[in-house]
Amino acid sequence: MKYQSFNEYRKRFLLKPYESFEELTGEKEMAAELEALYGDIDVMELYPALLVEKPRPDAIFGETMVEAGAPFSLKGLMGNPICSPEYWKPSTFGGEVGFKIINTASIQSLICNNVKGCPFTSFSVQDPQLTKTVTINASSSHSGLDDINPTVLLKERSTEL
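So the sequence shown is residues 1 to 161, counted in the UniProt record's numbering.
Simulated from the structure, these hints should not be mistaken for lab results.
Careful: at least some of the hints might be erroneous.
Below, in silico cross-link-like pairs of lysine-lysine (BS3-like), each with a Cα-Cα straight-line distance of 30 angstroms or less [stated by the list, open to error]:
hint, residue 1, residue 2
1, Lys16, Lys75
2, Lys11, Lys75
3, Lys28, Lys54
4, Lys28, Lys116
5, Lys54, Lys75
6, Lys11, Lys54
7, Lys16, Lys28
8, Lys54, Lys116
9, Lys2, Lys75
10, Lys28, Lys89
11, Lys75, Lys116
12, Lys75, Lys89
13, Lys11, Lys28
14, Lys100, Lys75
15, Lys54, Lys2
16, Lys89, Lys100
17, Lys2, Lys28
18, Lys16, Lys2
19, Lys100, Lys116
Simulated restraints on C-beta separations [as the list claims (entries may be wrong)]:
hint, residue 1, residue 2, range
20, Ser109, Cys83, 29 to 37 angstroms
21, Ser109, Phe61, 33 to 41 angstroms
22, Gly117, Leu14, 48 to 56 angstroms
23, Thr121, Val43, 34 to 42 angstroms
24, Asp127, Met1, 42 to 50 angstroms
25, Leu51, Asn103, 29 to 37 angstroms
Just so it is clear, CB atoms sit at the ideal spot from N, CA and C, and this is done for glycine as well.
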């Protein structure tokens, strides 16, 4: 089985294809090595390209990893049984200590425990008045923020190959 090229994946996810290895990596030396190995940016493979793609400013991952991967990661989390009320109890998390850690965790602590330098993190909540109608599972539903599934908000950018 042969995968499509990295640029074909970028097109599928509505991202602009790279025109050169230097644009992909942001580095002249690595770009030269890739040029010698592949010869053409349009034959660069998906997985190696994900690893060498220049990261977004002040970030760990490149644009493709974030735009193509993040929506599916969120869907995976939301589909996990641990998100259901039946599993949301101390025994699921190794007892009361683990359950307390989970219940007191925040996005800020998650980021500080995993990103060098503990950068400031900020989020905002949409104004409920701006949310009139959303489509959930292809049926129209008048909705407020309480019943919006995060995957719905990302639906425009999440296409499967």
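Which numbered hints does this structure break?
-> Structure breaks hints 10, 20, 21, 22.
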